[in-house]
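My request is simple: use the sequences and hints to build the entire structure.
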Amino acid sequence: MKQADGYLLETIAGVPYLLPYGQNIADLKRGVQLNDTGVFLWQTLAQEISSDELLHKFFTFFDGTPEDLPSFKEDMETFLSTLSTFGMITGYAAPAQPEPLCKILCIGELYVAFRGKEAFFSDKFDAFESGLPADRQPDLTIQIHGYYPSTKGNGTLLLRNQDLYVMDCDSFYTFLFPSMSGVYEGRVTKDATQADIYCSPFCNEQLVENLFHAMRLFYLYRAQKSGIFALHSASIYYREKAWLFSGPSGTGKSTHTNLWHKLYDTPLINGDLNLLSFKDGTPVVYGLPWCGTSEIFDIKTYPLGGIILLQQASENHIESLEPHEKALLVSQRLISPSWTKEQLHTNLHFTENLSSEIYVARLCCNMGNAAAATMNEAIDDYLKGTATC
15 MKQADGYLLE TIAGVPYLLP YGQNIADLKR GVQLNDTGVF LWQTLAQEIS
65 SDELLHKFFT FFDGTPEDLP SFKEDMETFL STLSTFGMIT GYAAPAQPEP
115 LCKILCIGEL YVAFRGKEAF FSDKFDAFES GLPADRQPDL TIQIHGYYPS
165 TKGNGTLLLR NQDLYVMDCD SFYTFLFPSM SGVYEGRVTK DATQADIYCS
215 PFCNEQLVEN LFHAMRLFYL YRAQKSGIFA LHSASIYYRE KAWLFSGPSG
265 TGKSTHTNLW HKLYDTPLIN GDLNLLSFKD GTPVVYGLPW CGTSEIFDIK
315 TYPLGGIILL QQASENHIES LEPHEKALLV SQRLISPSWT KEQLHTNLHF
365 TENLSSEIYV ARLCCNMGNA AAATMNEAID DYLKGTATC
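Using my numbering, the letters of the sequence shown correspond one by one to residues 15 to 403.
Calculated from the structure, these hints are not laboratory results. There may be inaccurate statements among the hints.
In silico DSBU-like pairs for lysine-lysine, Cα to Cα no more than 30 Å straight-line [stated by the list, open to error]:
1. Lys398 / Lys117
2. Lys239 / Lys293
3. Lys138 / Lys16
4. Lys43 / Lys87
So this is what it looks like as structure tokens:
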């Protein structure tokens, strides 16, 4: 282990401080005040050193007696743990301890165990809390650690944008969240059974919200392994089925579902994201806690009636699609992982099967009541068997 880059030991009016500079300031890293012991340990960490070697030098420098050794070791471990929590050292491996079990959720028939301080977990998960059946193990365990990882999860870069970096680290994936303050790093095993999120120990409302959204990524990776996929869409319940409206941002998903709610009194299921799969051979929509900023979600499972792909137009009309167009266009609205070619193949295979079993069409529309009426008539005709998609 050794000092991390980006920290300066500076004495201010006779008092030593360890202060961040450069990117560490931009990342809101903290500084700490040191005593003489801390100064010695920090300076000794300028070069790579093991815990045993550091303890020996610490013990020798301060003329410790054999009776003092346990106290020296405890003081050193406490100091190193603090530095590691703040990201001031690298390569420090604290004794691994599982975080305490906080709660079990059931989302889309997958059981998810949350481990960590209860304050880290959003109350938006509460509606999905469930007991774990005696014959089941969690499908996914997510642990939240209020400290920096002891080693850097570097690997082959698979994806990079302003919100997310994904790296392949052989036996696991590493995620960085540049836009999520306080979320340091995430990791998930490639079998998708174990995920770890490292974050600030100082819990606040913004951190809880960021963790809530970060956990979606791990869940969707695990869900994909079980044939469950997420479609960016708003949904309604009509004629005993769920109907999903999907399109790029700004095309009016929420506007359209709200028109249905106003004109036909249709319940809203989810305002932003819908979880799709086959259950006993039937396409279904599962309840999901993540719903964008809409705050509209449901915990129930519904038969899936169809997916309507929205496109803005001055006149309202419906365009039929070829089977290959349906599969491709629906796959492009999935937010399930496609970091690898295998994942993309999995997504396309699912949407090809799905689109052959449900109604899929493109609605070219404006934002008026007539747009909902046009689609309502088409769905009614489809359900009567007098029209095809």
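Are Lys138 and Lys16 close enough, with their CA atoms no more than 30 Å apart?
40 Å, violated
Lys398 and Lys117: Cα distance at most 30 Å?
45 Å, violated
Need the status of pair Lys239, Lys293: alpha-carbon distance at most 30 Å?
Given pair Lys239, Lys293 holds - Cα atoms ~15 Å apart, limit 30 Å.
Is Lys43 within 30 Å of Lys87, Cα to Cα?
27 Å, holds
Violation of the numbered hints given earlier is confined to hints 1 and 3; the remaining hints are satisfied by the structure.
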